[in-house]
Structures are given as structure tokens and as C-alpha cells.
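When you get a sec, could you build the whole thing from the sequences and use the hints?
Numbering (the working numbering), first residue to last: -8 to 200.
None of these hints come from the bench; they were simulated from the model.
One thing to keep in mind: the hints can contain errors.
[Said to hold, decoys possible] Calculated lysine-lysine pairs in the BS3-like style (CA-CA distance at most 25 Å, straight line):
no., residue 1, residue 2
1, K135, K123
2, K62, K135
3, K12, K142
4, K12, K62
5, K51, K12
6, K188, K123
7, K142, K62
8, K135, K12
9, K62, K51
10, K188, K135
[What the hints assert, rightly or not] With beta-carbon atoms standing in for the labels, derived distance ranges:
no., residue 1, residue 2, range
11, N58, S108, 15 to 25 Å
12, E52, D176, 30 to 40 Å
13, P77, Q192, 32 to 42 Å
14, M9, F92, 18 to 28 Å
15, P10, R117, 35 to 45 Å
16, S8, D176, 18 to 28 Å
Quick reminder that beta carbons are idealized off the backbone N, C-alpha and C, glycines included.
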Amino acid sequence: MSNIELHLGDCLEVMRSMPDKSVDAVITDPPYGIKAGREKPHNGWVDYGISDWDLSRPEKEYFDEINRVGKTVVVWGGNYFTDYLPPTMRWLIWDKGQRNFSLADFEIAWTNQQRASRIFDYPRSRALRDGKVHPTQKPIDLMKWCFDVCKIDEDATVLDCFMGSGTTGVACVQTGRNFIGIEIDPTYFAIAERRIKEAQQQPGLWGQQ
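What follows is the structure, encoded as C-alpha cells:
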């Protein structure tokens, strides 16, 4: 059974209390600062009732802390933070299998690994089956693929410091990994907590009878 630890608050404060390289992996998807929550539905966005979560990017100090506490680091939306993150050999790509849609054909993650870049083919329509509750919610299977391609051990502790709707935590529960989640927005924190609890209660998952 996964060990789950959830924090409601500013992830910068929480990470500053953590020792260097204290988590096996940080896998996260920060706000990009593109005002995604305020786009109109006809541009591909759905109104999820929260419009101020993506007004600005996190400052560089957040990424400095992410790289300090994590042994392996994966930052989705890394193309929005190239002025904060050092050059790297490995980028991860989620190919959504749909071209010329109003949203991006694919999404990109920066990693701190010096290995070959990799692509995950996963249709956007299939991703919606997870039950989308956040404008930039990633598929559960994408997070599991990150574990595999980045060689995150099955007993590892994974930190998502911009937890959002809790997808990384759900993937950890479903694979038996430990999870630390941090989210500053109370509404999304409650959503993440609910989704992770529901994952823990599902029969047939890792460590459950």
C-alpha cells in the first residue's frame, strides 16, 4: 500500500523544509502563466469554475528547490520554463494523436536525465476517460509511463509540488509507489484528496486484496 502525504499550502515553503535529494522523483506540472483557465470553451477549454490558477508562472526559486529535493525531476510544460531550467538531453513528449486542434498537438516535459528523449502516444480522447476536472489535467497512464521510462523504482517516493487534481498521486496509488502532494488551491486540493482516496479504495490495485 502506498504511503500518501498531502499538503495544502505553498510548495516553496514545504520544499524548503525538505533535505537535499530527499525524494526519489519530482514529477509535476506547474502553471504555465498563459491564463489557461480563462480561455473560452470554443478555444478548446472547458469552464471548470476556477479561473485564477494560471495567471502567472512560478518564480525561478521554485524550480531551484525542485531540483534540490528531487533525484529525478520531470517538469511538464518545460518549454515554458527554459529560462529557469538548464539544458538537458532528455525531453519527454506526450503525442495526443490529434492534429490541428485548437489546443497543442503534443506536450513537452523537461527532465534532469541525460538519456535519450522519448515519445508517449496516447490519444486525447482516451485521456478524457479519466474524468477531467482540471484544464491541464494529464492522463494517469502518462504518469505511469513517466515512472517506467525514467526508471522510478516501485518503492520510490514521488513528489508532485503542483498537485492540481492529483493525477500523479492516483498513478502512485495504482502502482504502489509512495506519494507526497502539495497544492495551494483549496478547491483543487479537495479534488485531489478525493481522487486519491477513491484510487485507494478500488479493489485489485497494488497491495490490496
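Verification of the hints:
Annotation: proposed proximity of K135 to K123 holds, straight-line Cα distance about 17 Å (limit 25 Å). Using a Cα cut-off of 25 Å, the hinted pair K62 and K135 holds, with the two alpha carbons roughly 18 Å apart. Taking the CA atoms of K12 and K142, the gap is about 16 Å. The hint holds against a cut of 25 Å. For the hint linking K12 to K62, the alpha-carbon distance of about 5 Å falls within 25 Å, and the restraint holds.
Simply put, K51 and K12 have alpha-carbon atoms about 18 Å apart, close enough for the 25 Å limit, and the pair holds. This hinted pair checks out: K188 and K123 have alpha carbons roughly 17 Å apart, not beyond 25 Å. At most 25 Å may separate the alpha-carbon atoms for a hinted pair to count; K142 and K62 meet this at roughly 12 Å. Annotation: proposed proximity of K135 to K12 holds, straight-line Cα distance about 21 Å (limit 25 Å).
A C-alpha spacing of about 18 Å is found between K62 and K51, which places the hinted pair at or below 25 Å, so the restraint holds. Between K188 and K135 the CA atoms are separated by roughly 18 Å; this keeps the pair inside 25 Å, and the hint holds. The hinted range of 15 to 25 Å is satisfied by N58 and S108, whose Cβ atoms lie roughly 19 Å apart. Taken as a hint, the range 30 to 40 Å is violated for the pair E52 and D176, whose Cβ atoms sit roughly 20 Å apart.
The given range of 32 to 42 Å is respected by P77 and Q192, whose C-beta atoms sit roughly 41 Å from each other. At about 39 Å, the CB distance of M9 to F92 disagrees with the hint of 18 to 28 Å. Distance hint for P10 and R117: a CB-CB separation of about 39 Å, consistent with the stated range 35 to 45 Å. The hinted range of 18 to 28 Å is satisfied by S8 and D176, whose Cβ atoms lie roughly 20 Å apart.
Of the numbered hints stated above, those contradicted by the structure are hints 12, 14, listed in ascending order.
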